[in-house]
Structure formats: structure tokens, C-alpha cells
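With these hints in hand, go ahead and build the complete structure from the sequences.
Residue-level listing of the chains:
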Amino acid sequence: MQTLLFLILFPILVACLLLFVKRTTSRYAVVVLSALAIGGASIYLLMRYAFEGAVYFAAPSETASLAMVAIEMALALFIIYMGAKFRNYLAIGLAVVQAALVVYLEMTFSENLHAINNLFIDQFSIIMALIIGIIGSLIAVYAVRYMETYHHLHPEVRDRQGTFFFVVFAFIAAMFGLVFSNNLLWIFFFWEVTTITSFLLIGYAETEEATKNAFLALVMNLLGGVAFIAAIIYLVAAGPASGGIDLAAVLASGDAAIILIPAVLIGFAGITKAALMPFSSWLLGAMVAPTPVSALLHSSTMVKAGVYILVRFAPVFAGTLAGVSVGLVGAVTFVVASAIAISQSNAKLVLAYSTIANLGLIAACAGVGTHMLVWAAILLIIFHAVAKSLLFLGTGAVENRIESRDIEDMEGLIVRMPKMAVMMFIGIAGMFLAPFGMLISKWAAIEAFVQVPFGIVFVAILAYGSAVTVFFWAKWMGKLITVIRGVEQIEKGFFEEPWIPLYIITGLVIAAAFLFPVISSMLIEPYVLVIYGVTAGLAQTNVAIMLLMMALLLFLPLSFALFRKSAKRLPAYMGGRPATADLHFEGSLGMTREAQTRNYYLTTCFGEARLFRPGAAVCIILILASWAFAGVAL
Amino acid sequence: MAFLKRSPWILHYDASSCNGCDIEVLACLTPLYDVERFGIINTGNPKHADILLITGGVNSQNRPVVRNLYEQMPEPKVVIAVGACAATGGIFRECYNIAGGIDKVIPVDVYVPGCAARPEQIIDGVVAALGILEEKRERMAGGARMKEEAGETT
Amino acid sequence: MNRIMGAVIFLILAPLLGGLIAGIDRKITARMQGRVGPPILQPFYDVGKLFEKEKVVVTTAQNFYILAYLIFIALSGALFFAGGDLLLIIFAFTLAHVFLVLGAYAAHSPYSHIGAERELIQVMAYEPVIILTAVGFYMVTGSFYVVDMATTTIPVILYLPGVFLGLAAILTLKLRKSPFDISTSHHAHQEIVKGVTTEFSGSTLGQIEIAHWYENIFLLGIVYLFFAWNPVIGIIAVAVTYAAEIFVDNVTARVRWQAALKSGWLAAALGIANLAILSYMVYGGA
Numbered sequence: 001m002q003t004l005l006f007l008i009l010f011p012i013l014v015a016c017l018l019l020f021v022k023r024t025t026s027r028y029a030v031v032v033l034s035a036l037a038i039g040g041a042s043i044y045l046l047m048r049y050a051f052e053g054a055v056y057f058a059a060p061s062e063t064a065s066l067a068m069v070a071i072e073m074a075l076a077l078f079i080i081y082m083g084a085k086f087r088n089y090l091a092i093g094l095a096v097v098q099a100a101l102v103v104y105l106e107m108t109f110s111e112n113l114h115a116i117n118n119l120f121i122d123q124f125s126i127i128m129a130l131i132i133g134i135i136g137s138l139i140a141v142y143a144v145r146y147m148e149t150y151h152h153l154h155p156e157v158r159d160r161q162g163t164f165f166f167v168v169f170a171f172i173a174a175m176f177g178l179v180f181s182n183n184l185l186w187i188f189f190f191w192e193v194t195t196i197t198s199f200l201l202i203g204y205a206e207t208e209e210a211t212k213n214a215f216l217a218l219v220m221n222l223l224g225g226v227a228f229i230a231a232i233i234y235l236v237a238a239g240p241a242s243g244g245i246d247l248a249a250v251l252a253s254g255d256a257a258i259i260l261i262p263a264v265l266i267g268f269a270g271i272t273k274a275a276l277m278p279f280s281s282w283l284l285g286a287m288v289a290p291t292p293v294s295a296l297l298h299s300s301t302m303v304k305a306g307v308y309i310l311v312r313f314a315p316v317f318a319g320t321l322a323g324v325s326v327g328l329v330g331a332v333t334f335v336v337a338s339a340i341a342i343s344q345s346n347a348k349l350v351l352a353y354s355t356i357a358n359l360g361l362i363a364a365c366a367g368v369g370t371h372m373l374v375w376a377a378i379l380l381i382i383f384h385a386v387a388k389s390l391l392f393l394g395t396g397a398v399e400n401r402i403e404s405r406d407i408e409d410m411e412g413l414i415v416r417m418p419k420m421a422v423m424m425f426i427g428i429a430g431m432f433l434a435p436f437g438m439l440i441s442k443w444a445a446i447e448a449f450v451q452v453p454f455g456i457v458f459v460a461i462l463a464y465g466s467a468v469t470v471f472f473w474a475k476w477m478g479k480l481i482t483v484i485r486g487v488e489q490i491e492k493g494f495f496e497e498p499w500i501p502l503y504i505i506t507g508l509v510i511a512a513a514f515l516f517p518v519i520s521s522m523l524i525e526p527y528v529l530v531i532y533g534v535t536a537g538l539a540q541t542n543v544a545i546m547l548l549m550m551a552l553l554l555f556l557p558l559s560f561a562l563f564r565k566s567a568k569r570l571p572a573y574m575g576g577r578p579a580t581a582d583l584h585f586e587g588s589l590g591m592t593r594e595a596q597t598r599n600y601y602l603t604t605c606f607g608e609a610r611l612f613r614p615g616a617a618v619c620i621i622l623i624l625a626s627w628a629f630a631g632v633a634l
Numbered sequence: 001m002a003f004l005k006r007s008p009w010i011l012h013y014d015a016s017s018c019n020g021c022d023i024e025v026l027a028c029l030t031p032l033y034d035v036e037r038f039g040i041i042n043t044g045n046p047k048h049a050d051i052l053l054i055t056g057g058v059n060s061q062n063r064p065v066v067r068n069l070y071e072q073m074p075e076p077k078v079v080i081a082v083g084a085c086a087a088t089g090g091i092f093r094e095c096y097n098i099a100g101g102i103d104k105v106i107p108v109d110v111y112v113p114g115c116a117a118r119p120e121q122i123i124d125g126v127v128a129a130l131g132i133l134e135e136k137r138e139r140m141a142g143g144a145r146m147k148e149e150a151g152e153t154t
Numbered sequence: 001m002n003r004i005m006g007a008v009i010f011l012i013l014a015p016l017l018g019g020l021i022a023g024i025d026r027k028i029t030a031r032m033q034g035r036v037g038p039p040i041l042q043p044f045y046d047v048g049k050l051f052e053k054e055k056v057v058v059t060t061a062q063n064f065y066i067l068a069y070l071i072f073i074a075l076s077g078a079l080f081f082a083g084g085d086l087l088l089i090i091f092a093f094t095l096a097h098v099f100l101v102l103g104a105y106a107a108h109s110p111y112s113h114i115g116a117e118r119e120l121i122q123v124m125a126y127e128p129v130i131i132l133t134a135v136g137f138y139m140v141t142g143s144f145y146v147v148d149m150a151t152t153t154i155p156v157i158l159y160l161p162g163v164f165l166g167l168a169a170i171l172t173l174k175l176r177k178s179p180f181d182i183s184t185s186h187h188a189h190q191e192i193v194k195g196v197t198t199e200f201s202g203s204t205l206g207q208i209e210i211a212h213w214y215e216n217i218f219l220l221g222i223v224y225l226f227f228a229w230n231p232v233i234g235i236i237a238v239a240v241t242y243a244a245e246i247f248v249d250n251v252t253a254r255v256r257w258q259a260a261l262k263s264g265w266l267a268a269a270l271g272i273a274n275l276a277i278l279s280y281m282v283y284g285g286a
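Chains as they are written, first to last, in the numbering used here: chain A, 1 to 634; chain B, 1 to 154; chain C, 1 to 286.
Be aware that one or more of the hints could be misleading.
[Stated by the list, open to error] Derived DSS-like pairs: lysine-lysine, alpha-carbon spacing no greater than 30 angstroms straight-line: (1) B:K136 x C:K55; (2) C:K262 x B:K5; (3) A:K419 x A:K492.
Keep in mind the hints are simulated off the structure, nothing from the lab.
Next comes the structure, spelled out in C-alpha cells:
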């Protein structure tokens with residue numbers, strides 16, 4: 001239990017310390033050391049608890065719960081203050097409603113608000129802890145130098161790096177708390193903390209746009225928070241049959257009909273936090289934040305809190321129409337967000353849409369909730385966190401060098417920033433190509449969806465979704481590896497330190513692809529086995545073939561040696577006009593002109609304007625349907 | 001094995017022909033003459049082509065184009081000048097903008113006479129070109145072998 | 001052991017058979033146009049010649065991607081004939097095509113760039129049908145393994161006529177035949193020079209051609225699976241399907257990419273309708 005408490009409390013200590021560290025070098029030292037401590041502790045957690053199954057701890061609850069309520073009230077006041085300052089009355093309203101509900105809960109049911117075990121750990125928590133502890137702290141390390149450059153490039157932004165890192169580490173602590181809590185009230189508390197921290201980080205630049213988007217995120221997440229607290233009130237009011245505020249007891253409750261309503265409400269909170277449609281706009285708006293924020297909050301950790309809770313409740317959803325509706329929200333989000341990603345040229349927006357899409361896919365798996373799908377969902381969480389954080393950090397690094405986040409401007413990155421391009425290439429491959437992880441999960445998901453009623457709908461959506469996914473990733477990859485001439489290499493000059501997190505995460509992407517059988521058999525399969533009594537996984541021969549493909553891919557670059565010799569180089573064919581290697585050609589009237597190549601965005605087919613509204617409308621209907629189904633089941 | 005002779009791919013370029021010869025070239029592809037019988041394909045891409053077949057004389061506008069097309073073709077390659085204009089400039093020879101025959105710009109291996117050249121003559125020219133193409137290939141292969149042997153001895 | 005033999009036989013025989021089919025294809029096409037046509041062995045002469053030519057590149061990297069394309073196409077075909085998991089095979093197949101596209105991108109040439117984009121549109125157009133085909137086979141035979149699909153005694157085609165029609169439609173795309181030859185054509189002449197293959201010449205172009213032969217045999221293998229309960233009917237069906245493709249090739253003109261994408265996705269919708277009815281029969285009745 002000490003490790004758990006350490007992981008929750010230590011980041012808070014570091015956060016407070018960082019508030020007072022002013023110099024970048026000393027800040028870097030503090031962040032690196034605490035990252036080592038946090039990462040080390042999460043790995044220790046893995047070794048200590050990996051084979052123990054679910055372990056529950058009766059952590060001291062009285063004082064802690066009291067402190068949490070106090071902090072919640074303080075946060076509500078803070079939101080009201082900020083809402084008043086920026087005249088956002090919706091935020092104030094939601095904060096008041098939420099605070100009122102918390103007070104109501106504390107007043108009315110004060111004697112029922114004790115869980116026996118407040119903390120717990122099982123394999124799924126370990127996986128989440130590893131993601132937060134390793135990826136999260138690597139991003140924090142990367143952020144130190146990034147923020148320095150960021151302020152150098154944006155002198156107009158007020159330098160509040162102390163606060164920035166305070167919030168980042170507070171956020172890491174909250175994430176740990178969220179995945180270790182067995183008390184739903186505690187989960188709710190940490191849930192709210194992540195909402196506030198993301199609000200602060202998105203609004204960091206203090207521009208009008210940043211503030212607007214921060215409030216958008218706040219409002220949507222508060223909406224989810226209201227649903228969350230409503231679910232808790234419902235559970236407590238329903239009496240002991242529901243399991244009260246003890247997460248494990250709720251999930252184990254025999255009375256499926258009673259817990260379905262709170263499950264759907266918490267699922268709704270998960271949908272808002274995971275930015276599924278129609279709430280996707282907050283995640284897109286969040287892209288105004290500095291890139292490490294996007295990587296930390298909006299790819300690898302915070303949005304994962306949303307799908308974490310959905311996957312936790314997957315057994316409740318399994319076999320219910322309400323669950324299918326929640327799953328369909330995810331599935332529709334997956335295909336629509338992937339399709340819109342085609343029409344985007346801003347790298348961060350492509351990443352954002354792809355994140356939304358993948359969260360949708362995870363939610364689809366969780367909503368339908370069979371054992372195989374939960375297995376696939378957890379695998380998706382892992383692979384997505386690793387590959388997506390790499391891509392976000394890579395995009396940030398590139399942006400700091402070329403001062404653009406447009407994919408078109410990344411043309412020929414393989415020549416200009418070779419190391420960076422290779423890493424991003426691996427990251428993108430990790431997102432959609434066999435034999436990397438995301439594809440394994442997609443594969444498992446297809447196999448699993450076929451076996452459930454209504455599964456064909458999901459399979460159909462997945463089939464179209466995978467197709468559009470290939471399109472937008474492959475064209476980005478193509479831009480990166482285009483060999484252009486006549487440019488200089490600009491990789492040097494970027495700070496040395498941020499490379500190390502990038503190298504490590506790149507290593508993790510490859511390692512995850514090699515080690516997924518181990519991760520699966522050690523962590524995911526036991527977890528699934530305990531809940532469903534059956535386990536899932538891929539057939540041995542297929543795993544072997546995947547590993548073989550992976551090895552092949554790693555060795556293929558060696559064949560470059562074959563092509564070095566004796567090939568004559570000619571410039572590209574330009575319709576017979578004499579051209580140089582950098583695509584300058586002799587145009588008419590003796591003018592030298594340049595040909596440029598640009599990707600297809602197919603905006604008329606896949607534009608945001610065309611797809612977002614119908615997608616959001618369908619998702620709203622599905623969310624309402626999930627409530628209706630849950631009500632009918634009662 | 002000499003596959004080259006059995007699969008000559010042609011790039012057809014109209015330098016400044018009156019279109020008379022071009023129509024005859026295309027006539028070769030029609031069912032009546034069907035040059036695909038000999039594996040001949042009319043490709044639009046110099047990087048895939050073995051034979052550059054040009055009609056019309058060179059003018060100052062397309063002089064660089066003719067040279068570029070020729071340079072874009074991988075070895076071994078041959079050039080066929082089809083028609084009187086491609087050979088010498090023909091009746092346009094004295095025009096202010098005409099440089100003359102194709103051989104003013106790039107080396108020509110086969111000249112097909114006529115105004116316009118008849119399809120039979122064009123096919124005949126291509127067959128003649130195949131012999132030259134094969135010679136060039138042998139020379140190229142020999143050259144490569146010699147280079148390899150030289151590399152081994154050093 | 002049998003399975004490894006299947007893979008090895010595929011790796012050795014598929015290029016021979018694929019080349020032969022390409023030769024017959026050209027012959028039949030010529031006859032449809034009232035021509036004599038080239039010798040049946042013409043595709044082999046073409047590829048042989050390509051390997052005799054000088055090596056010319058825009059950038060050396062482009063050849064690397066094509067080698068990877070060839071290897072992964074051969075691998076996915078080999079897995080297919082070894083009776084492996086059809087979904088895995090499809091993913092390996094997609095990987096191979098991404099390599100082809102990357103090769104075209106690497107060359108940084110306007111024509112191959114447009115070809116690459118269009119090739120990606122093609123991938124996007126055919127991918128749903130291919131995945132649905134695998135799913136359909138699973139629903140009928142209860143297995144994703146090709147070995148079970150090939151040895152089934154169920155006449156799969158009777159359960160999956162919609163999926164089969166969908167597959168036949170995207171087969172046109174995959175064989176690079178009209179009206180869907182938007183990224184590059186198996187014919188000589190076309191509008192974007194040579195699309196995705198514009199900048200490849202000599203032995204690299206030869207490798208693309210061989211990969212295409214491998215691919216065709218693999219695709220015809222999938223067609224065969226629909227009729228696998230009776231090998232004689234199966235082989236006849238494959239021949240008839242291919243003949244129909246040649247016919248369509250000769251009587252249609254190239255469409256725009258929008259139409260290609262729509263057709264591919266409509267074909268998938270047909271497959272989905274088929275599977276929905278099937279799943280109603282499986283689950284809905286109970």
C-alpha cells in the first residue's frame with residue numbers, strides 16, 4: 001500500500017516544490033529525478049503485484065474523505081470565480097449544481113459513505129499506473145526543455161512555468177489516485193481534479209482562444225461530473241443491493257438492473273472525458289495548449305481516465321442494450337472522427353481526431369463488453385498511449401524547429417530531421433500497421449464483434465473505419481519519407497535532453513509490439529479471467545507470425561545497403577520539361593518554376609462541416625437511447 | 001537470355017509533325033497491324049521505354065524536351081526518327097524555328113523515310129531498331145562484366 | 001508440414017501461374033478487340049527485359065520500399081496458402097500496399113505522387129469489402145483460418161452471394177482494370193503517365209510486376225474459397241470470374257476517383273446487407 005500512497009502523494013510534493021523552482025536547469029534536475037522515482041515505483045508496483053490479482057487496502061478514510069470534500073468545495077469556488085471573471089455562466093451553473101449534489105450526498109447519506117477498502121490494485125490498475133508513471137513522467141521531462149523553447153518562441157505568453165509544472169504533477173497524482181481508488185467518491189474527487197488541471201493547462205497561453213477552449217473543456221467535463229455524482233447518489237440511495245460506493249462491490253453486485261442506471265451515467269461521464277462525439281470539440285480545442293499538454297492530457301492519460309472507467313464497467317454493460325448503445329456511440333465516433341481526420345492538414349488536429357477515434361473504438365469494445373473485447377480494449381489503451389504520445393512529442397519537436405505544425409510543411413522530414421522522421425514513422429506505423437499493436441487490437445475486436453448479436457453493425461463500422469484510417473496515416477507517412485533535395489539538415493540545435501524521452505518512447509513502441517504476448521498473458525488475460533471466467537488472446541501461431549513480421553520489418557532497412565551501389569540518379573519525370581532534382585522546371589517564356597506536391601484532403605467528402613453534425617446527432621440519440629434502455633431494464 | 005528483343009516498349013513523341021506520321025504510328029496499334037504481336041507496347045513514360053520514336057523535326061521550343069525525354073530513358077535505348085521531317089526537317093526545314101532532323105539534338109539509330117511513313121515501314125524500322133537495341137544490350141552487359149572483373153583483380 | 005508445403009508451392013508457382021494468367025489475359029483482351037495479341041509468355045519476356053535494363057532511380061530509397069512491397073505481398077500470399085488466419089493475411093496485405101505507396105512518395109515526383117494518393121484512395125475503397133469477406137467466411141464456416149474455409153463442405157457462395165458480388169466489384173480495382181484503374185493501369189497508356197509506378201524502371205518495375213502476379217493469385221484464391229466445397233466448380237468459377245473481369249475491362253472507360261470510392265463502399269454495403277441477413281438467420285431466429 002505504501003507504493004500506492006507514494007505514487008499518489010509524491011507527485012503532489014514534487015508539484016509544490018516545482019512551484020518555487022525558477023531556473024530551467026534546476027527544474028530539469030527535479031523533474032528528471034522525480035520522473036525516475038515515479039517510473040521506478042510504477043515498475044516496482046508491476047513486480048510486486050502483477051501476480052497477486054486484485055488486492056484491496058483499507059486506507060484511512062475519515063480524514064482523507066473530509067479533506068477531499070473540502071478541496072472539492074474549494075475547486076467549485078475557484079470555478080465560480082473563474083466563471084465570473086470570464087463571464088462564463090454555464091460553468092458557474094454546473095459547478096454550483098455539482099457542489100450542491102456533493103453537499104446533498106454528504107448530508108443525506110453520511111452514514112452510508114464508507115467503503116471498507118478505499119484503495120486497491122489489480123492488473124488493469126497496474127497497466128494504467130505504468131502508462132501514467134512511465135509515459136506521463138517522460139512527457140514531463142520532455143516538457144521542461146519544450147516550455148523553455150516555447151516561451152522563447154512566444155514572448156507574448158506570460159511565463160508561468162512554475163504553475164505549469166505544479167499542475168502537471170498534480171495531474172499525475174490525480175491520475176494515480178483515480179486508478180487506485182476503490183471508493184467511488186474518491187474516484188469522483190480525482191476525476192474532478194483532472195478536469196480542473198486540464199482547464200488550467202489548456203488556458204495556459206491566456207489568449208482569448210485558449211481561454212474559450214479551456215472553458216469549453218471545463219463545461220463538458222463538468223457535465224460528465226454531474227452525471228458521475230448523480231450516479232453515486234443513485235447507488236447510495238438504492239441501498240446495499242447496489243454495493244454503495246465500493247467500486248468492487250458495485251461491479252460484483254448481483255442486481256444487474258439496479259446498477260445499470262449508474263453504470264450508464266458513469267459511462268456518460270466517461271464519454272465526456274474521453275471526448276467521444278458529441279463532446280469531441282473540447283479535445284480539438286485543447287490543441288491550442290503547448291504540445292506536452294496535448295501529449296499528457298489528451299492522448300496518453302487523461303482521456304484514458306474516461307475509457308478506464310468504461311472498461312471497468314464493461315462487465316455491467318455486457319449483454320445489455322444500454323451497453324450496445326454506449327458501444328455504438330464509440331463506434332460511430334470511431335468512424336466519423338477517422339473520416340474527418342482525412343480532411344485535416346494540421347498535424348495536431350489529425351492526432352486529436354485520431355485520438356478521439358481510438359477512444360471511440362475502446363468505448364465500443366467496453367460497451368459491448370465481452371471478454372475478448374475487454375482484452376482488446378486494454379491492449380488498445382496500452383498501444384495507443386505509447387504510440388500517440390510519441391507522435392505528439394514528435395510533432396512538438398518538429399514544430400519548435402520548423403515553426404509549423406502543418407503536415408505539408410513536414411515534407412521531406414527524412415532529409416531535414418532524419419532521426420525525428422524515423423521516430424515519427426515508427427509512431428505512425430504503431431498506429432495502424434501490422435504487426436504493431438493497434439492493429440492487433442483491431443483484429444481481436446473484429447473477431448470478437450462477429451460473435452455477439454448486433455455485432456455485424458460494429459464489424460461494418462470497423463471495416464469502413466480501418467479503411468479511412470489507412471488513408472490519413474499513410475499520406476502523412478508519405479510526406480515524412482519523401483526524399484527532397486536542396487535542403488539542409490536542421491536537426492541539430494534542438495536541445496539534447498528532449499531526445500532521451502523520445503528515444504525511450506520509440507523503444508517502447510517497438511518493445512510493446514514484441515512484448516505484447518507477455519503483457520497479455522501476464523496482465524490482461526488474468527484480469528479478464530477473473531471477471532469473465534474465460535480468457536482471451538490470440539492463437540499461438542498467429543502471435544509467432546506477427547513477431548516474425550516484426551523482426552522482418554526491423555531487418556528490412558539493412559537491405560538499404562543493396563541499393564547504395566550503381567544506380568543512376570535522374571530527376572523526376574516532369575512531362576518532358578527539363579527539371580532539377582528539387583522539382584524546378586523550365587516553364588514557358590524561359591521562366592523557372594517550381595512544382596509542388598500536396599496531399600489529398602478530400603474535403604468535399606470528408607470535411608468537418610459535412611460529417612460532424614450528423615455524427616454528433618447520431619451520438620446524442622444513442623446516448624439518450626442508452627439511458628432509455630437502462631430505464632426500461634429497471 | 002535476350003528478352004529485350006521480345007519486349008520493346010515505345011515512347012512516341014511528336015516533335016513538330018503535321019500529325020500525318022503520328023496517325024500512321026497509331027495505325028500500327030490497330031487490329032490491322034497489331035504490333036503488340038511482337039510485344040511492342042506504346043507506353044507514355046520514358047522511364048519504362050526502350051525505344052524513343054519521334055515524328056516531326058525539332059523546333060526551338062521542344063529541343064530541350066526531346067533531350068530530356070532521351071535522358072530520362074534507362075539504357076539500353078534506341079531512337080527511331082519516323083518520317084522525312086524527323087530525318088531532315090522535311091518541308092519545314094527552312095522554317096525560322098526548325099532546327100532540322102532529330103539528330104541535331106540526340107543520336108538517332110534508325111531513320112524511317114516517307115511522308116507520311118507507312119505503318120509497314122514503321123514496323124520495319126522498329127524491327128531494325130531491335131537489332132541495334134540487342135547490340136547495345138550486349139555491349140552494356142559486356143561492359144558491366146568487364147568492370148566486375150576489373151574490380152575483382154584490384 | 002502440409003501447410004509449409006502450401007506456402008512454398010505458392011512462393012515458387014504463383015509467379016509462374018500469375019504470369020501465365022496475365023499472358024492469357026492479354027491474349028483474350030486482344031481477341032476481344034479483334035487483334036492477334038502477344039504471345040502467351042509475353043509477361044515473362046517483359047519482366048525478363050526489365051531485369052536486363054539499367055538501374056535508374058530518383059532516390060535510392062524508393063527501391064527499398066518496393067522490395068518490402070514484394071516481400072510482404074509474397075508473405076501474405078504464402079500465409080494464405082499455408083491456411084493461416086485470413087484477417088492477419090489481410091493486414092499483411094495492407095502493409096504491403098502501404099509500402100508500394102511509400103515508394104511512390106519517396107521518389108518525390110508529381111506523377112508518382114498523384115499515383116500514390118490515388119492508390120491510397122483505392123486501398124480505402126477496397127479495404128471494407130476485404131474485411132467483410134473474412135468476416136462472412138467466419139460466419140459461415142465458423143473459422144477465420146483459410147485451411148478450414150478451403151476444406152469446408154458448405155457451399156459458401158449460397159450464403160454469401162452479396163459478399164461475393166462485392167468482392168468481384170473490388171477485384172476490378174485490385175487487378176488494376178477499367179473502370180477503376182485510377183492509380184496505375186495494367187495497360188500501357190494512361191492519363192497520369194503511369195501513376196504510382198511512374199518513377200520505377202528496370203528491375204524495380206519488374207519486382208512490382210512480380211508482386212502483382214503474386215497478388216492476383218492470392219485474390220483468385222479468395223474467389224476460389226467461395227466455391228471450395230467442390231474444387232471443379234471452384235476452378236471453373238475462378239475462370240469465369242476472371243473472364244468477366246476482362247470483359248468489364250474492355251467495355252468500360254476509366255471513372256473518376258469519387259466514383260471508384262463510392263463503388264467500393266457500395267460494394268461493401270452490399271456485403272453488409274448480406275451479412276446482416278445472415279446474422280439475423282443465426283441470432284435473430286433464436
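Self-check item: Numbers of the earlier hints that this structure fails to satisfy, in rising order
Solution: Hint check: 2 fails alone, others pass.
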